[in-house]
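Here's the letter readout for the chains.
2 protein chains.
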Amino acid sequence: IDQKDEALLSDILKDMHPADIAEIYEELSIEEAKFLYFLLDDDTAADVLIELEEDDRLRFLKALPSEVIARRFIGRMDSDDAADVIAELDEDRQKEVLSYLEDISMAGDIVDLLNYDEDTAGSLMAKELIKVKESWNIVTCLRSMRRQVEEVDDVYFVYVVDNDGVLKGTLSLKKMLLSSTDTLVRDIYNPDVIAVSADVHSEEVTNIMDKYDLVVLPVIDSIGRLVGRITIDDVVDYMREEAEKDYQLASGITEDVEASDSVWRHTRARIPWLMIGLAGGLLGSRVISAFEGNISEHPEVAFFMPLIAAMGGNVGIQSSAIMVQSIASGGLGFDTNFKKLLKEVSIALLNASALAALAFIYNFAIGSHFALTFTVASAMFSVVMFASLFGTFLPLLLNRMKIDPALATGPFITTLNDISGMFVYLILAAYFFEVFL
Amino acid sequence: IDQKDEALLSDILKDMHPADIAEIYEELSIEEAKFLYFLLDDDTAADVLIELEEDDRLRFLKALPSEVIARRFIGRMDSDDAADVIAELDEDRQKEVLSYLEDISMAGDIVDLLNYDEDTAGSLMAKELIKVKESWNIVTCLRSMRRQVEEVDDVYFVYVVDNDGVLKGTLSLKKMLLSSTDTLVRDIYNPDVIAVSADVHSEEVTNIMDKYDLVVLPVIDSIGRLVGRITIDDVVDYMREEAEKDYQLASGITEDVEASDSVWRHTRARIPWLMIGLAGGLLGSRVISAFEGNISEHPEVAFFMPLIAAMGGNVGIQSSAIMVQSIASGGLGFDTNFKKLLKEVSIALLNASALAALAFIYNFAIGSHFALTFTVASAMFSVVMFASLFGTFLPLLLNRMKIDPALATGPFITTLNDISGMFVYLILAAYFFEVFL
Numbered sequence: 267i268d269q270k271d272e273a274l275l276s277d278i279l280k281d282m283h284p285a286d287i288a289e290i291y292e293e294l295s296i297e298e299a300k301f302l303y304f305l306l307d308d309d310t311a312a313d314v315l316i317e318l319e320e321d322d323r324l325r326f327l328k329a330l331p332s333e334v335i336a337r338r339f340i341g342r343m344d345s346d347d348a349a350d351v352i353a354e355l356d357e358d359r360q361k362e363v364l365s366y367l368e369d370i371s372m373a374g375d376i377v378d379l380l381n382y383d384e385d386t387a388g389s390l391m392a393k394e395l396i397k398v399k400e401s402w403n404i405v406t407c408l409r410s411m412r413r414q415v416e417e418v419d420d421v422y423f424v425y426v427v428d429n430d431g432v433l434k435g436t437l438s439l440k441k442m443l444l445s446s447t448d449t450l451v452r453d454i455y456n457p458d459v460i461a462v463s464a465d466v467h468s469e470e471v472t473n474i475m476d477k478y479d480l481v482v483l484p485v486i487d488s489i490g491r492l493v494g495r496i497t498i499d500d501v502v503d504y505m506r507e508e509a510e511k512d513y514q515l516a517s518g519i520t521e522d523v524e525a526s527d528s529v530w531r532h533t534r535a536r537i538p539w540l541m542i543g544l545a546g547g548l549l550g551s552r553v554i555s556a557f558e559g560n561i562s563e564h565p566e567v568a569f570f571m572p573l574i575a576a577m578g579g580n581v582g583i584q585s586s587a588i589m590v591q592s593i594a595s596g597g598l599g600f601d602t603n604f605k606k607l608l609k610e611v612s613i614a615l616l617n618a619s620a621l622a623a624l625a626f627i628y629n630f631a632i633g634s635h636f637a638l639t640f641t642v643a644s645a646m647f648s649v650v651m652f653a654s655l656f657g658t659f660l661p662l663l664l665n666r667m668k669i670d671p672a673l674a675t676g677p678f679i680t681t682l683n684d685i686s687g688m689f690v691y692l693i694l695a696a697y698f699f700e701v702f703l
Numbered sequence: 267i268d269q270k271d272e273a274l275l276s277d278i279l280k281d282m283h284p285a286d287i288a289e290i291y292e293e294l295s296i297e298e299a300k301f302l303y304f305l306l307d308d309d310t311a312a313d314v315l316i317e318l319e320e321d322d323r324l325r326f327l328k329a330l331p332s333e334v335i336a337r338r339f340i341g342r343m344d345s346d347d348a349a350d351v352i353a354e355l356d357e358d359r360q361k362e363v364l365s366y367l368e369d370i371s372m373a374g375d376i377v378d379l380l381n382y383d384e385d386t387a388g389s390l391m392a393k394e395l396i397k398v399k400e401s402w403n404i405v406t407c408l409r410s411m412r413r414q415v416e417e418v419d420d421v422y423f424v425y426v427v428d429n430d431g432v433l434k435g436t437l438s439l440k441k442m443l444l445s446s447t448d449t450l451v452r453d454i455y456n457p458d459v460i461a462v463s464a465d466v467h468s469e470e471v472t473n474i475m476d477k478y479d480l481v482v483l484p485v486i487d488s489i490g491r492l493v494g495r496i497t498i499d500d501v502v503d504y505m506r507e508e509a510e511k512d513y514q515l516a517s518g519i520t521e522d523v524e525a526s527d528s529v530w531r532h533t534r535a536r537i538p539w540l541m542i543g544l545a546g547g548l549l550g551s552r553v554i555s556a557f558e559g560n561i562s563e564h565p566e567v568a569f570f571m572p573l574i575a576a577m578g579g580n581v582g583i584q585s586s587a588i589m590v591q592s593i594a595s596g597g598l599g600f601d602t603n604f605k606k607l608l609k610e611v612s613i614a615l616l617n618a619s620a621l622a623a624l625a626f627i628y629n630f631a632i633g634s635h636f637a638l639t640f641t642v643a644s645a646m647f648s649v650v651m652f653a654s655l656f657g658t659f660l661p662l663l664l665n666r667m668k669i670d671p672a673l674a675t676g677p678f679i680t681t682l683n684d685i686s687g688m689f690v691y692l693i694l695a696a697y698f699f700e701v702f703l
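So the protein lines, in turn, are chains A and B.
At position 100 of the first sequence the residue is numbered 366 (our numbering), and the sequence of numbers has no breaks.
At position 334 of the second sequence the residue is numbered 600 (our numbering), and the sequence of numbers has no breaks.
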């Protein structure tokens with residue numbers, strides 16, 4: 267179909283949703299993409315640009331002059347999307363694109379948004395919103411809203427502010443529909459409004475919107491003036507990215523990769539943790555080699571080495587996953603750290619006893635000698651206890667050090683627990699074989 | 267404060283958000299909770315009930331007569347929340363509560379919603395929505411909307427239907443505000459509306475709403491009639507639960523637990539995978555014991571056993587995590603399975619070569635003899651290759667068998683790769699030590 271049949275193509279494109287067009291784009295070469303782009307009307311073109319993956323968008327924007335970017339794309343976006351796209355360009359390009367914008371107040375909004383730190387409420391918010399003054403009546407409101415509504419895509423809430431622009435509350439469309447036209451806003455607005463300050467962390471924004479089931483969250487500055495609003499779709503994107511990041515970190519992948527990325531990018535994302543695992547394993551081999559005499563004399567000690575190492579890793583991952591989730595959902599309020607410790611010790615005790623008992627029964631049943639039976643059971647108990655506590659405290663420690671606690675899960679904790687488990691096991695083996703044989 | 271000072275308490279509660287009150291409730295005994303509940307006004311009480319954790323809600327509802335549940339709680343909820351709460355009760359109780367509902371049409375809605383399968387669009391949707399007929403003009407619309415709006419909390423969209431109730435499109439409040447009062451709905455509604463059928467899976471609903479950045483998604487029956495709408499807050503809840511479930515499965519936790527759950531529940535959630543790990547490890551010990559003679563003669567073989575086992579596990583988790591995410595986001599459209607295989611083989615080859623080379627250099631550097639050096643390097647290469655491919659195919663296989671592919675990550679794949687890695691390593695060791703020594 268790419269053989270330049272313009273009429274047919276623009277007919278097809280007209281009926282498609284920007285997100286679907288974006289998916290097609292990602293399969294095209296730059297030249298084909300440029301050709302298709304000029305068949306789209308301007309609003310659709312801007313929407314498609316937003317839906318593209320970051321890499322593809324950058325590649326595409328590099329091939330276009332700044333003036334086209336400003337006029338055809340940025341000028342037609344909401345301020346939050348515009349700021350996101352511009353933030354991806356390098357600084358000289360940013361200035362150039364901004365200078366071509368016709369709407370000076372929009373350029374100002376974008377510059378404001380670019381100033382907020384990444385991962386704060388300010389970076390998620392858009393400037394477009396509908397606000398009315400508390401001293402107005404319904405007729406004035408409707409007149410003003412008709413004007414404002416042309417710049418805003420969807421109306422979810424009308425915000426009420428005082429003469430200084432300080433957020434006072436919300437005005438529901440329902441109330442407006444049900445009230446007579448000369449009612450004052452002051453008498454019918456809802457003063458219970460949840461707002462966040464622009465410097466609040468995105469994770470907290472997500473938790474607040476999730477907890478209170480909000481679709482839009484107004485953002486205020488340090489003296490309470492309404493500066494923007496965050497819509498749930500931006501938060502959903504953020505949530506999904508964070509969940510994927512945590513999941514990948516737990517699986518030992520360091521960069522945000524998708525199945526469709528290049529082989530090289532996948533390798534780069536996976537190899538760092540594998541290197542750490544290798545280093546850990548080689549260190550472990552030094553630990554074991556210190557016990558060479560024992561192993562040579564009693565090769566049965568070696569049979570259970572992988573088991574002990576693996577159990578330490580498994581238990582450690584479980585404990586750290588629970589902690590990471592509890593830290594992420596902000597759920598550290600009620601339980602004190604001491605109570606947490608006590609609980610984790612209880613769980614660890616139960617698991618450790620059960621696993622040690624089973625290991626004991628197994629060795630007893632297959633007729634291993636006492637030294638080996640005691641070594642495996644007691645090592646199992648110690649390793650499970652140790653790995654649980656370690657898995658619980660490491661995320662807490664990282665969090666206090668302002669490092670993402672999700673780093674603690676996955677290969678990192680597995681490797682640490684492997685080595686320490688091996689060490690404990692071989693020490694115990696040396697002791698019990700001394701005692702019994 | 268719990269010393270029954272009613273006036274003070276209800277003052278405090280009046281200013282709090284239901285979600286905050288719910289958090290307090292979870293810390294109270296049944297008796298305290300009941301006492302506090304009767305201080306709340308009815309709408310707040312219903313909202314608080316929705317915000318409670320499932321366990322706490324059930325415990326609380328068990329202590330109340332069915333009539334109170336129906337009148338004070340269910341009757342004041344949106345149909346989707348009401349259906350969720352009722353679905354948690356046992357069947358006899360469900361009938362009893364429904365029979366006490368005063369609003370018969372609401373009882374009917376709830377029964378309809380209860381009929382949809384869990385995890386489908388039907389189970390996520392609510393019946394309350396605002397619809398207008400395409401043949402009406404703006405004045406008729408406004409009059410009808412004023413009536414409908416009393417039953418609906420938030421107005422996001424007005425849906426346009428024909429005389430048979432078939433969904434035709436949406437009418438934006440913006441358009442209504444900008445049009446004259448005698449305009450017909452037919453002339454100004456937007457016919458591009460994305461809707462899902464009630465039997466679509468929740469995961470697809472999430473993907474659609476995320477992809478198209480929707481706040482509300484209308485639900486239609488098999489002949490296109492509008493039956494309900496799904497709001498983004500329900501989807502966010504679902505997404506968060508799914509992300510947590512996947513994360514926990516990857517960490518070897520089988521039940522959905524939170525840090526605040528009981529010790530017993532935590533143990534129950536964690537021990538199944540540990541048992542599988544134990545069984546795997548014991549099986550591994552049988553594999554190793556078959557090579558007892560080699561180990562006793564060459565104890566240095568044992569030094570690298572945990573390393574090889576761990577690397578297999580780490581690589582397997584990485585590959586399976588990528589696949590699980592790619593399946594979950596529906597991203598299996600463009601790449602064929604063959605292309606996927608080719609890519610995974612390339613990544614595996616790169617990683618395997620790098621790790622095998624490093625292992626070779628290390629052993630060469632510390633002066634291990636050739637047999638050991640070759641064994642470790644070649645085993646590393648084989649194990650990484652094997653674990654990658656296995657980690658890629660297992661999720662695909664599970665998905666085709668309609669089992670949650672997330673099960674494939676975590677301890678399951680680690681354990682399988684541990685054992686097979688051990689086997690490969692010891693076979694190679696037996697061969698190379700035969701050849702070189």
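Be aware that one or more of the hints could be misleading.
Intra- or inter-copy, both count: the list cannot distinguish identical chains.
To be verified - With a Cα cut of at most 25 Å, we get these calculated SDA-like pairs of lysine to any residue: (1) Lys441 with Ile396; (2) Lys441 with Glu293; (3) Lys605 with Phe702; (4) Lys668 with Arg506.
Honestly, the hints are just simulated from the structure, not real lab data.
Please read these numbers as outputs of a predicted model, since none were measured by experiment.
Do the hints match the structure? See the list:
no. : hint               : result
1   : Lys441 with Ile396 : both (16 Å within a copy, 15 Å between copies)
2   : Lys441 with Glu293 : neither (48 Å within a copy, 36 Å between copies)
3   : Lys605 with Phe702 : neither (40 Å within a copy, 58 Å between copies)
4   : Lys668 with Arg506 : both (22 Å within a copy, 24 Å between copies)
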